[in-house]
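Under the numbering used here, the first residue of the sequence shown is numbered 13, with each subsequent residue one higher.
Wrong hints could be hidden among the right ones.
To be verified - For each label pair, taking beta carbons as the anchor points, the in silico distance ranges come out as:
| # | residue 1 | residue 2 | range |
| --- | --- | --- | --- |
| 1 | G129 | D39 | 23 to 33 Å |
| 2 | Q587 | T673 | 48 to 58 Å |
| 3 | L74 | Q323 | 22 to 32 Å |
| 4 | A112 | L619 | 18 to 28 Å |
Read the hints as simulated data drawn from the structure, not as lab findings.
All of these numbers come straight from a predicted model, not from anything done at the bench.
Backbone N, C-alpha and C define an ideal beta-carbon position, used for all residues, glycine too.
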Amino acid sequence: MRWIFTALIFWVMCGSVAARQSYWEVDYDSLTRALPQQTSDTARLRVVQHLLDLHPTNVQALPLLDQLLRLNQQLQLLDATPYRHLRNGLVLWQQGGADAAALDTMKVVVTEFDRLGRPIPWLLIDLVTLYNRLNRPDARKRYYEEKLAYYRLRGATENVAACYVSQGGYYRRMGDYNRTLNSALRAADLVRAYDRPLYVRELLVAGAVYADWGNRAKAVQYLGQALRLPAFRRIQGMERVFTFLALSRLYAEGDHPTTALRMVDSVLATRGGDAAERKLSRAYALVQKGRVLLQMQRVGPAGELLKRAQQLDDSLHIPMSGKPGEFELDAAWARYYTARHDDARAESHWLQAYHKATAARIERLRPEYLKQLIAFYDDRNRPAEAQRYSRAYIALTDTLNAAQNTFHVAQYESERTEQAQNAQIASLQQAQAVQAVRLRLGQWLLLGALVTVLLVSGLGLFIYRQLQVNRRTLAQLRQTQSQLVQAEKMAFLGELTAGIAHELQNPLTFMKNFAEVSTDLVEGMNGESNGQAPALETEILAGLKQNLQQISQHGQRASSIIKDMLEHSRSGTGQCVPSDLNALAADSLSLAYQGLRATDKDFYATLSKELDPRLGLVALVTQDMGRVLLNLCTNALHAVRQRQRDLARQATGGPVSYQPTVTVRTRRPTGSPVVEILISDNGTGMPPQVREKIFQPFFTTKPPGEGTGLGLSLSYDIVTKGHGGTLTVETREGEGTEFLITLPA
13 MRWIFTALIF WVMCGSVAAR QSYWEVDYDS LTRALPQQTS DTARLRVVQH
63 LLDLHPTNVQ ALPLLDQLLR LNQQLQLLDA TPYRHLRNGL VLWQQGGADA
113 AALDTMKVVV TEFDRLGRPI PWLLIDLVTL YNRLNRPDAR KRYYEEKLAY
163 YRLRGATENV AACYVSQGGY YRRMGDYNRT LNSALRAADL VRAYDRPLYV
213 RELLVAGAVY ADWGNRAKAV QYLGQALRLP AFRRIQGMER VFTFLALSRL
263 YAEGDHPTTA LRMVDSVLAT RGGDAAERKL SRAYALVQKG RVLLQMQRVG
313 PAGELLKRAQ QLDDSLHIPM SGKPGEFELD AAWARYYTAR HDDARAESHW
363 LQAYHKATAA RIERLRPEYL KQLIAFYDDR NRPAEAQRYS RAYIALTDTL
413 NAAQNTFHVA QYESERTEQA QNAQIASLQQ AQAVQAVRLR LGQWLLLGAL
463 VTVLLVSGLG LFIYRQLQVN RRTLAQLRQT QSQLVQAEKM AFLGELTAGI
513 AHELQNPLTF MKNFAEVSTD LVEGMNGESN GQAPALETEI LAGLKQNLQQ
563 ISQHGQRASS IIKDMLEHSR SGTGQCVPSD LNALAADSLS LAYQGLRATD
613 KDFYATLSKE LDPRLGLVAL VTQDMGRVLL NLCTNALHAV RQRQRDLARQ
663 ATGGPVSYQP TVTVRTRRPT GSPVVEILIS DNGTGMPPQV REKIFQPFFT
713 TKPPGEGTGL GLSLSYDIVT KGHGGTLTVE TREGEGTEFL ITLPA
C-alpha cells in the first residue's frame, strides 16, 4: 500500500508544478483576447488578476485594476487592499516627477501581497525601474537582500527568483561579474521549473555577462544552450529586445557585423507592447545599429540612425540604465564624430558618456569610457589629459577585478558541481538501501509466488471459459464495426453526391430555362415572320444570342465544377522533386495579381515578398504546390479588393486611406525540421462561423457563379496528404487573414 500512496503524492506534486508552469507562461496577448469572451463575472475577475500578475506595471494595468476593483466590489472574492495600493502607486509612477512617492507606495504593495502569501515576481522585477530612476543603487541592494532572506525563509520560489534577477542587474551595473553570474544562474535554476521564457532570458544574461568578462567560450556555451530551447521563440516585449540587442553586441564583438545587423533588425521589426515600450526599444536598436554600421565604416547611414535615436531620447528622456541594458547614445556619437574626424564633438561626447556613467553609478561602463578617453587623448598627443584619466582608470580597477579576470568563472558554477556530486552520492546510498530492501522482499515474494501458483491453477478453468465468451463477443463486435464503417462510407458518399448535385443543379437549371426561352423565341419568330418588322427580328436574334451566351457561361461553370472535382481526386499523385520554393511563391503572387488586374483594371495593391535566403531547395510536387499558392494569393487579393470596395462605399467624403496589401513570407526556423510559407492580407477577414468551414468541399463565401467551393479543400488535401504538411489559418474579421503552410524540410 505504501507505494500506492507514494505514487499518488508524486502525481499531485507533478500536477501542482504543471499548473504553476502553465500559469506563468501564458501568452499575455492571448489572455487579453480571451478576456471579453468570459461569460461570468467570476471568470472575468480571475483573468484580470492573471493579467496583472504577468504585467503589473504596464500601461494597460490601470484600466485592468479599475475593472478588477469594480468586479470585486460585486463579488467580494479577493482582498482588494493590495490592488488599491497598486493603483495609487501606478498613478504616481506614470505621472512623472513623483518617483520617490511611487517607490514608497509600491513597497507597501509588496508588503500587502506578502501578507496574503501571493507570488509577485514581475512586480519585484519591475520595481528596479524606480530605483534606477532615483539613482539609489545602495538602497536597491539592501531592499532586495532583505526580501530575499524573507522569501527564502518562507519557500516563495517565484519571489526568490525575482530577487536573484534584480540582484544580478545590480551587480552587473556595478561591474561585479562574479556576483552577477551567481545571481543569474541561481535565478535560472529556479525559474526553469515554472517559466521557461524567463529561464532562457537568464541563460542569455549569463552568456552576455561572460562575454563582457572576456570568457567567450562560456558565453558561447550559454548562448547556444538558450538558442536551442523551444522557449526562445516565445520571448516577447522588453525581454525580447534585451535578447536580440545582447546577441547583436556579441556578434559585433566577434567580427560578424552582418549577423549583428540581422539581430538588431529583429528588434526594429518588433510590433508588440505599448507605444512607450516600442519607442524605447526602437531607440536602443537605432543606437546599436549605428554602432554596427560604424564598425562597417558606413558613417553616413550611422549618423542618420543616431539622429533618430537622439530625437527619441529628447522626447522620452531615456535613462542610461534600463531593462534592455545601458543606453550608450553619447558613446555612439563619440565614435561617429571620431570617424568624421570632428575631434571637438567626439571629445565632448566621450566626456558626457563618462560623466553620465559616473552619475548613474554604472561601474561596468566607467572603465571602458576611461580607456576610450585615454586612447583619444593619446592619439592626439595630449599627454596631460591622457595621464589624468589614466590615474582615474588605475584607481578604478583594483586588485579584486584583476583576480576575477584571472579565472573568469562564476563561483556558483563550482557550487552547482558540488551539489551535483552530493546528489550523486546520495543517489548511490539510496540505491544501496533499496537493494537491501529488495533482497528481503525477494524472500517474501518467493513464498507469495507459490501461493499465487495455486490460485492461478484454480482460476485457469474460469479464465478459459471466459476466453471463449470473449472470442464470441469480439467476433460480434468486429461484424458490427464493419457495418458501421460501411454505413459511414455510404453517408459520406451521399453527402458528397448531394453537394455535387446541388452545385450542378444551378447552372443546369439556368441552361434549361434559357434553352426553353430561346426555343419559344424561335417558334414565335417562325410563326409570325410574315409582315414582321426587321427591327423586331433583330431584337429577337439579340435575345437569342444573349441566351446562348448565358447557356455557354453556365455550361462552363458546370465544367469547372467537374474539373475541380477531378483535380481534387488526383491531388497528391505527382512525385516530389527539389524545388526553389522562394521563386515559386514569388511567381504565384505575381500571377494571381496579374490575373485579377486583367479583369479589374482599376484595382491596385501592394505586394510584399519577404523570402528567406536560407530556405534552400525543398522537395515538392511543383505543379500541385503552385496551384495551392496561386489559390491562396488569389483569395487574399479578392479579400483586399472587397475591403477596398466596402470602405469606398462607406466613405462620405474624401479619399480612403486604406492600402490593400498582400504579403508572402518564407522562413526556415532555426533548429526546426520544417519550412514555413505565410500568406497574409489586410482584407475583410472572416467571422468564426466561416473560418470553421473554409476547408469543407463546396463551401464558398463568393456570390453565386464566382466560385466552386473546392479551391481551399483541394489546397488542404495537397498540403496535408500530398506533402505531409499542415495548412492553418488565423483571421480577424475586418482586419485580415493569414494562412500558414508548414512543409517537411
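- Message: Could you work out which of the previously given hints the structure breaks and list their numbers from low to high?
- Response: Going through the list in order, the structure violates hints 2, 4 and respects the others.
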